[in-house]
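Enquirer: Following the hints, complete the assembly by docking chain B onto the known chain A.
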Amino acid sequence: MTVLSTIARSRTVAALTSPHGVDHYLSRVNPMWAAHEVRGRVVSVHRETETPGAPVATLTVQPTATWRGHRAGQYVQVGLDLPGSARRMTRCFSISSAASGAGEAFTLTIRSHAEGQVSRFLVDAEPGQLLHLSQAQGSFTLPVSPATPGIDPLLFITGGSGITPAMSMVRTLLRDGYDGRAGRPVTFLHYARSAEDQIFAGELERIASDDNDVTVHLRYGDAVFNELELRRLVPRYRDTDTWACGPAGMIELVRAAYADNPRLRLELFKPPAVRTDSAEGALTFATSDQQVANSGAPILEQAEEAGLSPVFGCRMGICFSCTARKTEGTVRNVLSGAESSLPDEDIQICVSAPVGDCVVDL
Amino acid sequence: MKTASKKTHHRELTPEQLEAFGEEMDALRQRVLADLGEKDADYIRGIVRRQQQLEVLGRALFYLPPAWPLAVAALSASKILENMEIGHNVMHGQYDWMGDPHLNSRIYDWDNVCPGEQWKYSHNYIHHTFTNILGKDRDIGYGILRMDEDQKWHPYYLGNPLYAFLLMVFFEWGVAMHDLEVENIVKGTRRLAENKALHAGIMRKVRRQALKDYVLFPALTGPLFPLTFAGNAAANLVRNVWAFNIIFCGHFPAGAETFTEAECADGPDGRESRGHWYYRQVLGSANISGGPLFHIMSGNLSHQIEHHLFPDLPAKRYPEIAGEVREICERYGIAYTTGPLRTQLFSVAKKICRLALPDRAARTSPEPDAVRPLAA
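Heads up: the sequence lines are chains A and B, in that order. Note that this note's numbering has the first sequence beginning at 1, numbered continuously upward. Note that this note's numbering has the second sequence beginning at 1001, numbered continuously upward.
Bound conformation, chain A alone (with noise of 0.2 Å):
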């Protein structure tokens, strides 16, 4: 098996296989084979709650042999082909099983959205779905281990799916033998909208009950995160390792009472694009650390009013010189007039121009 990877990988077998590339030839064969692409298939597919117009499932994916594995808290972007559709569309996903080593499977825990047709289609994925998938990415991880014991508790403060990265982290830790002799209290603090639909209340419960010096808090409805509160619960929260993930209202009142506590680590996730008809908002360049207040012009002439300098070419749409990743927001083609609210999109940003806040790498 590692002999012919090693081939497959070979710069005599990416020369014969050139311009295409040895991985579409091998799924030609069989679309699990792969030399330098990681692919997976949905093996199966667990409902985790039934909220009525919000269900979430938990899907359990077996990625190809070249999947490298994951850190706890880490995402993948998954790729799908939807019946019917000729444009694949990538999607986010935080992995909610504990890190996993390379060639193994892993789950995704997806709530699914009323506009997101990626993940109402895989909500309700059949077995067998094949996902292109990237390698495991993000820093939002945990660095210790059972094996690197010490003296500082750890905190995870989660709001709804933002559950699934910090389920990773707990799950590794319980899993590899973390117990109360390491002497690290681990905190684990959550906001869901019922108790109905909390994902994982199952295994939640198990985890509180367990003599394993984690604590579970659950707030439901309209519970709201605070510091007064956070501040019984954990009394030095401030001098403790932190993580915390959710919708962008709980990310703010978090960050705000850590003020620039070097301690918390924030994973946010992406709201909805608001749509708005005018221009408005801010554009972020997300690699140069810079925001302007987004004046509707296309995306190249507002970076270089901001005195940035990005590549571009004809600055008429036609030529692609200019395509960078626009990570969040809404953007309108200028010639087309067409919106595209997707994350993680490659688009042309001498024709694009910003629809509300637009964040874009450069």
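Simulated from the structure, these hints should not be mistaken for lab results. Note that beta-carbon positions come from the ideal geometry of N, C-alpha and C, so glycine has one too.
One-sided excerpt, in silico: chain A residues whose CB lies under 8 Å from chain B: (1) T12; (2) S18; (3) P19; (4) A86; (5) R88; (6) T90; (7) G313; (8) I318; (9) C319; (10) T323.
Pairwise CB distance ranges (calculated): (11) A:G128 to B:G1222: 40 to 50 Å; (12) B:G1270 to A:G128: 55 to 65 Å; (13) B:P1292 to A:P52: 47 to 57 Å; (14) A:M32 to B:G1270: 49 to 59 Å; (15) B:E1038 to A:E104: 34 to 44 Å; (16) B:N1195 to A:A102: 39 to 49 Å; (17) B:I1185 to A:G128: 55 to 65 Å; (18) B:P1268 to A:D124: 51 to 61 Å.
Expert: Then chain B, alone, in the frame of chain A:
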């Protein structure tokens, strides 16, 4: 910049007419964009499948020495399809909307010694933006040939037919060297150091291509190494000759026109208006008429006019919209140049030879060999 052009354009349109013309073209583009979907995806994936079958067939037939000519034919067809209908069009971004990395312009790199990254700059940006603007579009004569009266004659151009022949035989190498802008280095407007960055890319690509066609595949046929080597070289040659001829018929037959920079500053801000840009793309390009198979094997560059109007629309759409484009052009009195391959080739060959010589003084009559728009 003021240039005394020796030619006059067919007809000057008023700014209002140009704007209306541009709007009609935009509307046509819009309609096709809105209709992109499964049939386009199925088409390009079908072409890829067909090309791969031809390649496998060609490579396999080299094991049967008597079938050598068949092997070369299959491999040539595969290389032509790959370079023209797949590589050229995918690298134009025509299928980026599919979200499939395999058919994405940022990832795909064709079966050609010219690195895709460099080609995309000189072709997608320079050539397609500044099409047929003298001094800007380096595809006019590729910096080697004299292809327009407005290029000043020099005794060097006596070799025009010879250079054209050599460029045809070594076309893929010509395309790779094109980005080095050797003519500008000779002229002193480009420094040798600017090419340093390109060298590594070209060498990497040349090594990969040579390894594949001249070492690995011949070696895989064992004792038939020399035959396979020669067969691969022959297939590359056939592809070179075919691509050269199709591409030279795209911009150089009589009827295709060139522009000065001053002519392309018609907009109120001194930049070119969108209408004029479309107008220039039509006048600067020429189509080749033929059957469906011919269009596929030319990567639909036989619809050079439609390609230049809408370089990022899937090429298979060009034949579908050609009738409408032509109808619009005729309504505005914009010449739509087209003709069968032999006519266009003859016209190009004649131009290459004629421009090898200094211009005859005070030529007043219009070009005698002008191809008038043919009936569809």
